[in-house]
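Asks: Sequence:
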Amino acid sequence: MTFRIKQLVFAVCLSAAALSAAAADYLVVVPVKGKRGPGPNIQVSLNAAPLPAAKVGTAYTYDMKSLLLVTGDPSLDLTKSTWAAVNASQLPAGLTLASNGVLSGTPTLMNEAGASFEVVSTYKSKSGRQVYTIVVNGVALQVVQLSAGDDHTCAVTPAGGVKCWGLNDYGQLGTGTQDNKSTPVDVLGLTSGVASVWAGGQHTCALTTAGGLKCWGRNSYGQLGNGSMSAVKASPVAVQGLASGVAMVRTGWAHTCAVTSAGGLKCWGRDNYGQLGDSAALTNMSAPVDVLGLTAGVASVGLGANHSCAVTTAGAVKCWGQNSVGQLGNNTYTNKPTPADVVGLTSGVKSVEGGFVHTCAVTTAGGVKCWGDHSVGQLGTGQPLVESLVPVDVPGVTGGVASLSAGDSHNCVATTAGRVKCWGSNDMGQLGIAGAPVVQPDPLDVPGLQGVSAVDAGWGHSCAVVASSAKCWGFNDYGQLGNNSTTSSPTPINVLPQ
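Count the sequence shown with mature numbering (1 follows the signal peptide of the UniProt record, and there is no 0) and you get residues -23 to -1, 1 to 475, in order.
By construction, these hints were calculated from the structure, which means they are not laboratory data.
None of the values given here were measured: they were computed from a predicted structure.
Heads up, a few of these hints could be off.
Heads up, simulated DSS-like pairs for lysine-lysine below, C-alpha to C-alpha not over 30 Å straight-line [stated by the list, open to error]:
no., residue 1, residue 2
1, K42, K32
2, K103, K57
3, K101, K57
4, K101, K42
5, K42, K103
6, K42, K57
What follows is a set of in silico ranges between Cβ atoms, one per label pair, in the way DEER data are often shown [said to hold, decoys possible]:
no., residue 1, residue 2, range
7, A411, T309, 37 to 47 Å
8, T393, S66, 19 to 29 Å
9, L55, G91, 51 to 61 Å
Glycine included, C-beta positions come from ideal geometry on N, C-alpha and C.
Turn these sequences into a full structure, and let the hints guide you.
Replies: Next comes the structure, spelled out in structure tokens:
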């Protein structure tokens, strides 16, 4: 304590000079124990700097004490700070924040948009808060080809194996069980030697490099082609009579067709609308039968839910089966149990694909023509939403189309520039365009996709091969997007490895 006295009234250890100056002011310093003055004015805050990105399946560690800002403390010791997430459930799955400020763990779920969470740090009874975001990147499944079914997806890996994911109520994933899977799993017995795979309504078929066919999943109508109509085959079975000599295969809702290396067409499974094309008997077939008039000269085949179409080597299109809204393109509403010519498409067609009740074809000039149902814009011709009994041009894709896929009620094309355009129903986000209307009758670019080599449309989801990686978007209630989640996504996300 320091104070001044006016006059000396006692003497303790003062010099002679000080004693002679009786009238002078003296400064006396006396140490006093007890109360002290105000302590340090400590202030605590957290730096809003971005956190390093994480990656699914890779260990992550970050010491958040590096973000703690403390002022007014001459004896700073950050190890005395304590940390907590205000709501720990908001942290990326697999990560935890310890009380010492270390954020660590192994992320299990991709989140390319970023997971945001609030952190509070306390130091010497003073606290600071800040909201942080961590982007969790995923390692995408490497594929050479993929196919989107109703609610499941399958792909061929660079090693020639097949992996599937999504709904598995009929064993369509080929795992030997009927459990749904939200990440890719190996199909039993098909870890190599597969050229392509196609996912149907509730069944799946694979073409081997030896030209044979194997199918699995629902078989109530004989769609697996193994000579029986058992309800479920949860692992691959050989298709009767097609152990070799197959050039391509396609799957419908409950029927299957294959083009042989000799150019013939065979179909099997459900035939309630004549979609097998073998006769007017409308009899389900559990083994492949020849399609009338197409035992040679077939280049490719495309299937809808209950109708079928083929492209001949001359570039013509023929369709048969259900024709409730003109999906056969022959200017009538009459079902056809045998192939009939599509109006105006007697040449110049490269490929054809069927949706639920619509059909689209890619011309050799790289344009697209569609016909049938247009109630949700699936013909791509804009307004009005009226079906067409004959093919019409899709204005937004008059050239530059490399491949096309018709989903339940939407379509997507991969362009020669490596982009994707989609149109039609968007009620599940299957167009891949955030903010797009539920009905989109004109083709739109899917943002963020470059280097696309193929695209495939399912019922409520779509997938693409992007620089040899698999990406999917849309409906995800059964894990068909393959990102270890059942949350739908209106934009493309990586399919995670197994």
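Asks: K101 and K42 were given as a pair; does the straight-line alpha-carbon distance stay at or below 30 Å?
Replies: holds (14 Å)
Asks: K42 and K103: Cα distance at most 30 Å?
Replies: With a Cα-Cα distance of about 15 Å, the restraint between K42 and K103 holds, given a limit of 30 Å.
Asks: Taking 30 Å as the top limit, are the C-alpha atoms of K42 and K57 close enough?
Replies: holds (10 Å)
Asks: Is 37 to 47 Å respected by the C-beta to C-beta distance linking A411 and T309?
Replies: Holds, since A411 and T309 (Cβ atoms, about 40 Å apart) stay within the stated range.
Asks: Is 19 to 29 Å a correct range for the gap between the Cβ atoms of T393 and S66?
Replies: violated (46 Å)
Asks: Checking one constraint from the list: CA of K42 to CA of K32, max 30 Å. Satisfied?
Replies: holds (22 Å)
Asks: Would you mind confirming whether the straight-line C-alpha gap from K101 to K57 stays at or under 30 Å?
Replies: Between K101 and K57 the Cα gap is close to 8 Å, so the pair holds against 30 Å.
Asks: Taking the Cβ atom of L55 and the Cβ atom of G91, is their distance within the range 51 to 61 Å?
Replies: About 26 Å separates the Cβ atoms of L55 and G91, which means 51 to 61 Å is violated.
Asks: Decide if the proposed pair is consistent with the structure: K103 and K57, CA atoms, cutoff 30 Å inclusive.
Replies: Given that 30 Å is the threshold and the Cα spacing comes to 12 Å, the pair holds.
Checked against the numbered hints above, the structure breaks hints 8, 9 and satisfies the rest.
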